[in-house]
Amino acid sequence: MAVQKVQELSPALWAYLGDSLYELYIRENLIQEFSTSNTGQLHQEAIKYVRAEAQARIVRFLATQLTDEEQEVLRRGRNQKSGQIPHHTDAVTYRYSTAWESLLGYLYLTGRSERMKELMAAGFNYLKTVGQERGEDPGGEEGGNKR
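Numbering (our numbering), first residue to last: 322 to 468.
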């Protein structure tokens, strides 16, 4: 899709798509890493990466590595009115996680899947590393599943 056409879409639509893209990326990676686990265990592991707190941590980590255009997409996604904020997270965390999903959807729709995958890999590896160093789950102790 042409960049101009994508820019005319609501950031909520970018996030709608980005949410599923990120979930798929995480699930694929967890299947590769934990191929002998059952689906219940895989689901519990996936939650650690896809919940709002984890996504907000990725945004903070990657902020200085993004282009000006990507920063603008994040800003638009973060400022998107999203209706009701889930009760298991705070508004700021939820907005940052929506910004992350918006960026992923935007990159995909503009044909920049390689950049999208690069950012997802960097975020995934960051969460794994931080979680291992701190002896905690990758998404951090507070927050919850965005869903």
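Mixed in with the good hints, there may be bad ones.
As the list claims (entries may be wrong) - Quick list of in silico lysine-lysine cross-link-like pairs, BS3-like style, CA-CA up to 30 Å:
1) 449 / 326
2) 438 / 449
3) 449 / 369
Unchecked claim - Per label pair, the in silico range of CB-to-CB distance:
4) 357 / 324: 35 to 45 Å
5) 389 / 330: 13 to 23 Å
6) 352 / 435: 34 to 44 Å
7) 393 / 449: 23 to 33 Å
8) 384 / 357: 19 to 29 Å
Simulated from the structure, these hints should not be mistaken for laboratory data. All C-beta atoms, glycine included, are put in the ideal place defined by N, C-alpha and C.
Against the structure, the hints:
{"no.": "1", "hint": "449 / 326", "verdict": "violated (36 Å)"}
{"no.": "2", "hint": "438 / 449", "verdict": "holds (16 Å)"}
{"no.": "3", "hint": "449 / 369", "verdict": "holds (10 Å)"}
{"no.": "4", "hint": "357 / 324: 35 to 45 Å", "verdict": "holds (43 Å)"}
{"no.": "5", "hint": "389 / 330: 13 to 23 Å", "verdict": "holds (19 Å)"}
{"no.": "6", "hint": "352 / 435: 34 to 44 Å", "verdict": "violated (21 Å)"}
{"no.": "7", "hint": "393 / 449: 23 to 33 Å", "verdict": "holds (28 Å)"}
{"no.": "8", "hint": "384 / 357: 19 to 29 Å", "verdict": "violated (36 Å)"}
Comparing the model with each numbered hint stated earlier shows that hints 1, 6, 8 do not hold.
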